[in-house]
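J.: Listed below are the residues making up each chain.
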Amino acid sequence: MTRPDVSTAEPASPPAGFSVHEFARTARGSHRAELDLDAYATRPLEAGALEMVALLERLERGALSYLRSVLVTPTHKDARVTGFLVTWAYEKFWVADALELIVAAHPDFVPATADAPKLRAARHALAERLEPIRESVVANLIGDDVVAVHCAAGAIDEWITATAYERLAEFTDHPVFAATMTRLRDVKRRHDTYFTDEARRRLAASPAAGRLARRRLRRASWPLGAVDEPPPLVARLLGGLVIASDLVDLDARVDALPGLAGLDLVTTAAQGARKAAAR
Amino acid sequence: MAFDIDQYTETSEGVTWEDLDFGAFDTTPLGEYTLRTVRYMCNVEYHTVCYLRDLLVTPSHKERDVNAFMTMWNREEYWHGEALAAVLGRHGITVDYDELKAARVKLEWRDKLAPLRQSIMGNLVGDDFVAVHMAWGAANEWSATAAYRRLATLEQHPALSPLLKRIGQQETRHTAFYATQARKRLEKSALARKLTRLALAKAWRPVGSSISDEEDLDHVMKHLFNGADGLAEIRRIDTNIAKLPGMEGLTIFETALRRHEMDWPAA
Ligand SMILES: [Fe+2]
Ligand SMILES: [Fe+2]
Numbered sequence: 001m002t003r004p005d006v007s008t009a010e011p012a013s014p015p016a017g018f019s020v021h022e023f024a025r026t027a028r029g030s031h032r033a034e035l036d037l038d039a040y041a042t043r044p045l046e047a048g049a050l051e052m053v054a055l056l057e058r059l060e061r062g063a064l065s066y067l068r069s070v071l072v073t074p075t076h077k078d079a080r081v082t083g084f085l086v087t088w089a090y091e092k093f094w095v096a097d098a099l100e101l102i103v104a105a106h107p108d109f110v111p112a113t114a115d116a117p118k119l120r121a122a123r124h125a126l127a128e129r130l131e132p133i134r135e136s137v138v139a140n141l142i143g144d145d146v147v148a149v150h151c152a153a154g155a156i157d158e159w160i161t162a163t164a165y166e167r168l169a170e171f172t173d174h175p176v177f178a179a180t181m182t183r184l185r186d187v188k189r190r191h192d193t194y195f196t197d198e199a200r201r202r203l204a205a206s207p208a209a210g211r212l213a214r215r216r217l218r219r220a221s222w223p224l225g226a227v228d229e230p231p232p233l234v235a236r237l238l239g240g241l242v243i244a245s246d247l248v249d250l251d252a253r254v255d256a257l258p259g260l261a262g263l264d265l266v267t268t269a270a271q272g273a274r275k276a277a278a279r
Numbered sequence: 001m002a003f004d005i006d007q008y009t010e011t012s013e014g015v016t017w018e019d020l021d022f023g024a025f026d027t028t029p030l031g032e033y034t035l036r037t038v039r040y041m042c043n044v045e046y047h048t049v050c051y052l053r054d055l056l057v058t059p060s061h062k063e064r065d066v067n068a069f070m071t072m073w074n075r076e077e078y079w080h081g082e083a084l085a086a087v088l089g090r091h092g093i094t095v096d097y098d099e100l101k102a103a104r105v106k107l108e109w110r111d112k113l114a115p116l117r118q119s120i121m122g123n124l125v126g127d128d129f130v131a132v133h134m135a136w137g138a139a140n141e142w143s144a145t146a147a148y149r150r151l152a153t154l155e156q157h158p159a160l161s162p163l164l165k166r167i168g169q170q171e172t173r174h175t176a177f178y179a180t181q182a183r184k185r186l187e188k189s190a191l192a193r194k195l196t197r198l199a200l201a202k203a204w205r206p207v208g209s210s211i212s213d214e215e216d217l218d219h220v221m222k223h224l225f226n227g228a229d230g231l232a233e234i235r236r237i238d239t240n241i242a243k244l245p246g247m248e249g250l251t252i253f254e255t256a257l258r259r260h261e262m263d264w265p266a267a
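Residue numbers (the working numbering), protein chains in the order written: chain V, 1 to 279; chain S, 1 to 267.
No wet-lab data here; the hints were simulated from the structure. The beta-carbon is built from N, C-alpha and C at its ideal position, and this holds for glycine as well. Hints may be right or wrong, so weigh each one.
As the list claims (entries may be wrong) - Just the calculated beta-carbon pair ranges, DEER-fashion: (1) E46(V) / A203(S): 52 to 62 Å; (2) A2(S) / G143(V): 38 to 48 Å; (3) P162(S) / S245(V): 50 to 60 Å; (4) E100(V) / D96(S): 56 to 66 Å; (5) A33(V) / E63(S): 24 to 34 Å; (6) E100(V) / G227(S): 45 to 55 Å; (7) S221(V) / Q156(S): 29 to 39 Å.
What the hints assert, rightly or not - Reference listing, derived: stretches of chain S covered by chain V, where coverage requires no fewer than 3 residues with Cβ under 8 Å from a Cβ of chain V: (8) 67-76; (9) 87-93.
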């Protein structure tokens with residue numbers, strides 16, 4: 001009698017509810033015609049909100065960085081996942097484009113990060129020299145489990161940024177901006193559904209994937225890409241915009257993923273950003 | 001030729017075929033010989049994402065225009081795969097994600113080191129290596145346009161030929177991006193010209209050769225490029241490569257195809 005090897009077995013079937021083909025077919029592209037940018041001339045957003053919009057834009061543009069770290073691992077072999085990611089990157093491109101145009105509609109606004117690009121570039125360049133190489137070596141050894149980690153990371157990142165969109169719409173009290181936030185939040189909903197379903201299914205199928213995810217997710221910055229951002233901005237995103245009770249709720253959602261209870265990723269990230277910002 | 005990235009991103013869309021008369025495949029089905037070629041093309045299109053990962057581990061992904069292009073380009077190629085899969089589906093040939101995955105798993109030994117090597121090389125020589133990628137991309141896209149044009153001409157099929165023409169029009173835009181990028185970078189750097197010439201002359205292989213069986217590749221090359229017209233098409237795209245700075249006199253396509261004992265008129 002043969003016994004299936006639980007740790008390496010491919011999860012039996014893809015999530016029944018989500019069709020990657022359908023997602024690709026109904027991808028949401030440019031939002032430019034719907035942004036009503038003139039409204040910001042008569043009623044601009046405050047600098048604090050714009051700072052968050054600009055930060056979220058940069059984070060959404062991180063899609064290709066995520067793709068880079070994912071595609072050098074065995075995840076690239078999973079044609080269903082890569083099929084999803086192709087459309088996901090496309091939708092995120094247009095989400096970032098919308099955010100960028102909103103910031104640009106405020107010609108007087110100067111982002112607080114304007115004096116930091118050199119430092120960021122240096123840090124990023126260093127990370128690039130180390131990360132993809134190390135990741136590809138390690139991940140090729142680990143195999144399929146790493147796909148679960150990537151899906152969990154995608155889900156958690158999506159939960160955090162989606163909460164930020166919702167809070168931004170609420171706190172700014174600006175109907176045109178709120179309408180755009182709702183629109184972008186809608187686009188992100190399918191990303192959430194896919195990543196969450198995939199992560200749950202894959203983590204449930206492999207305890208080894210859960211152990212790997214616990215190690216990897218602790219090392220990541222939250223939201224993904226925050227490592228390249230000024231800590232004061234990240235601190236304002238986590239704990240300011242995304243309020244304290246949200247942080248607890250977000251961690252509870254992580255807890256509910258198979259094998260990931262007790263990580264406290266989001267509250268830890270918020271604390272870390274606060275400490276770094278105080279230095 | 002300049003390339004307007006904003007214009008490209010705003011007009012990028014998945015290729016459509018719903019308005020084409022796919023019923024024509026029921027009355028005039030494609031032969032097995034042609035279906036084998038379509039199958040090869042379909043696989044290549046779906047596997048574009050694997051090529052993307054090689055591009056992304058090099059410094060090129062930091063650049064904004066390049067990022068925008070890569071996002072749109074990769075999606076267009078995915079849809080070329082979907083369109084060709086729909087053609088195959090009409091002939092009872094299923095191309096699904098599980099099968100594509102199986103093909104990628106099978107190739108494990110071949111591409112395991114590729115991202116490593118590419119990443120190290122890419123970071124060592126920095127921007128000059130991006131020029132290699134761009135010229136390589138241009139070569140791939142030129143050969144894709146040539147392949148689709150040839151197949152459309154050979155088949156003269158009421159549904160397939162117009163579909164291939166649509167796909168080919170998108171490939172032409174890809175060509176414009178890669179060639180513009182390559183030209184700009186090659187003009188700036190003698191090292192870039194040297195590296196690119198070396199890479200193209202020594203390492204260039206037909207698109208898809210790394211993800212396909214040798215027999216399939218041989219079939220496709222002969223099917224599409226045998227004969228005087230095939231040779232003329234190959235020479236036409238070789239001329240395009242040779243026009244890039246520092247690439248004068250290269251004949252990478254003709255050289256690569258001569259390995260296949262093509263049925264070509266004597267020179
Ligand atoms: Fe294509
Ligand atoms: Fe192409």
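J.: Hints first: check each against the structure and report whether it holds.
T.: Hint check results:
The hint said 52 to 62 Å for the Cβ distance between E46(V) and A203(S), and at roughly 55 Å that hint holds. Judged by the Cβ atoms, the range 38 to 48 Å given for A2(S) and G143(V) holds: they are separated by roughly 45 Å. Look at P162(S) against S245(V): about 57 Å separates their beta carbons, and that is inside 50 to 60 Å. The given range of 56 to 66 Å is broken by E100(V) and D96(S), whose C-beta atoms sit roughly 37 Å from each other.
The hinted range of 24 to 34 Å is satisfied by A33(V) and E63(S), whose Cβ atoms lie roughly 27 Å apart. The given range of 45 to 55 Å is respected by E100(V) and G227(S), whose C-beta atoms sit roughly 51 Å from each other. Range check, S221(V) to Q156(S): about 56 Å between beta-carbon atoms, so the 29 to 39 Å window is missed. Check on the segment 67-76 of chain S: 7 of its residues sit with their Cβ under 8 Å from a Cβ of chain V, so the three-residue criterion for coverage holds.
For the segment 87-93 of chain S, the stated coverage by chain V is violated: 0 residues have a C-beta nearer than 8 Å to a C-beta of that chain, whereas at least 3 were required.
The structure shown violates the earlier hints numbered 4, 7 and 9.
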